[in-house]
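> One letter stands for each residue in the lines below.
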Amino acid sequence: MSVTVHAELCTIPEVQAAIAAGESLFLAGSREALSRLPRGNWVGGTSCYFMTEEGCLQAEDRIFVTKVPEFALESTALDYGADNLAQLHRDAPDNGFTFVVLPASSEVLKTFAEKASNFNGFLLHPIVGWVSGVRVDRIGIDKPAVFNGKSGDVLEDRCVALHVSLPIGKMAELEIVNIFESGGGDVIRFVEAGFQASQCLVNGKPANLAEYITSKGIPTEFPLVGDYNGSSINVAFQAVDAAKGTVKLYAPVFAGVDYHFAMPVADYSGAFAKAITGEEPEPAFACNCVHNYVYGKMEGKKAGNLTGPITFGEIAHQLLNQTVVCLQILGVG
Amino acid sequence: MIPPIDHPVWAQFVTGNKTIKSGRATINMLVQNTKMEYERDASPANTKELISRSHKFFTQFESVFPNEIAQITG
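Protein sequence lines correspond, in order, to chains A and B. In this text, residue positions in the first sequence follow my numbering: the first is 1, and each later residue adds one. In this text, residue positions in the second sequence follow my numbering: the first is 1, and each later residue adds one.
Worth flagging that the hints you see were computed from the coordinates, not collected in a lab. Watch out, some of these pointers could steer you wrong.
[Claimed, not checked] Only part of the chain B face toward chain A is listed, based on derived beta-carbon distances under 10 Å:
#1 Met1
#2 Asp6
#3 Lys18
#4 Ser22
#5 Asn28
#6 Leu30
#7 Arg40
#8 Lys48
#9 Arg53
#10 Lys56
#11 Phe65
[Stated by the list, open to error] One side of the interface only, derived from the structure: several residues of chain A facing chain B at Cβ under 8 Å:
#12 Ile176
#13 Asn229
#14 Pro252
#15 Phe254
#16 Val257
#17 His260
#18 Ala316
[What the hints assert, rightly or not] Have a look at the derived ranges for each label pair, beta carbon to beta carbon:
#19 B:Asp6 with A:Val332: 22 to 30 Å
#20 B:Thr73 with A:Arg39: 28 to 36 Å
#21 B:Ala45 with A:Glu282: 42 to 50 Å
#22 B:Gly74 with A:Glu192: 18 to 26 Å
#23 B:Asp6 with A:Arg39: 34 to 42 Å
#24 B:Gly74 with A:Ala21: 45 to 53 Å
#25 B:His7 with A:Glu282: 37 to 45 Å
#26 B:Asp6 with A:Asp94: 19 to 27 Å
#27 A:Asp83 with B:Ala45: 35 to 43 Å
#28 B:Gly74 with A:Gly331: 55 to 63 Å
#29 B:Thr73 with A:Pro206: 28 to 36 Å
Glycine included, C-beta positions come from ideal geometry on N, C-alpha and C.
Extracted from the complex, chain A is given alone in its bound form:
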């Protein structure tokens, strides 16, 4: 049995009132909107795209609010840099979960993406959240940020976390919804991890990934799909430079994972409706990727029955791309 948690798009005065009432909050909004909030027990990050009950939309004067459930024992707001990020898992509660937001293009995101699976406590402590960004027409101009409401700090090179302890009888579990599946065909492997790839193995034979993509005319709005024991983990393309022979990615690829190019999706909203039937328990928190919003022309359309921020990378234990992440709080025992 899952537990519903209050999550919705709110006006700035509504959020100010919730903070004043002592609520613990996980927030997504524009830098301007979040900057108008008082100090309190909240963390948040910049994004102005949202999934709502009316459909996906852009709003700079509203904030998506996920309230920490009343039954939580404790919630603690902290921030971390690349130098002490391993502490994130050590600070996580024995039973509970951690909301996290990391700024896009930051060193702390790079460290998390490449090293989280090596941190002591990986998978034992559910870490869920997203990557903050900016309006897509302001990429490269504005800077993504995260906010520690407890300290009042606005951070561009650190991540924020809200560690939430749950009582006995409740447990957190993370789920992913991926509308992309392997398109089959050649198996791509990498010999080293990284956000940039040049050399790879195609069916075991050395090749240059950029040349391969260019020569095959592979559309890069669809991700590489990594096979994690049957679960599909996406890596999105940022840029392919055939002249330099390099491919930039929004998440690292890893050695030891079989990758395929995704089967193209034409109707994103329809794919989400098929993947999220409404029979699943309502998640305590969900977020969806801005690539799905942009490439899928999702403005005004629904992503199943989900609500939540639209983000620049999704976190479910590790960094994911072009994926929906859901937090479920289960009643157990």
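Got chain A; can you put chain B on it based on the hints?
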């Protein structure tokens, strides 16, 4: 019931000789990361570390993943 940490099923799991089929992303991340770590370093010390991590994970989440645990013990 979770087998004790010295039960042979854990070594079988870590070395890939006991597979789990699951639709749960967290389980599949565990299986894949364990596989990658074992491929990177199959020394007795690392195998012991991976067994310890796997045993701890399934002990902690025994009530959440009963079907997956049944595949390990079965």
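> Taking the earlier hints as the rules, which of them does this structure contradict?
1, 2, 3, 8, 14, 17, 20, 22, 23, 27, 28, 29
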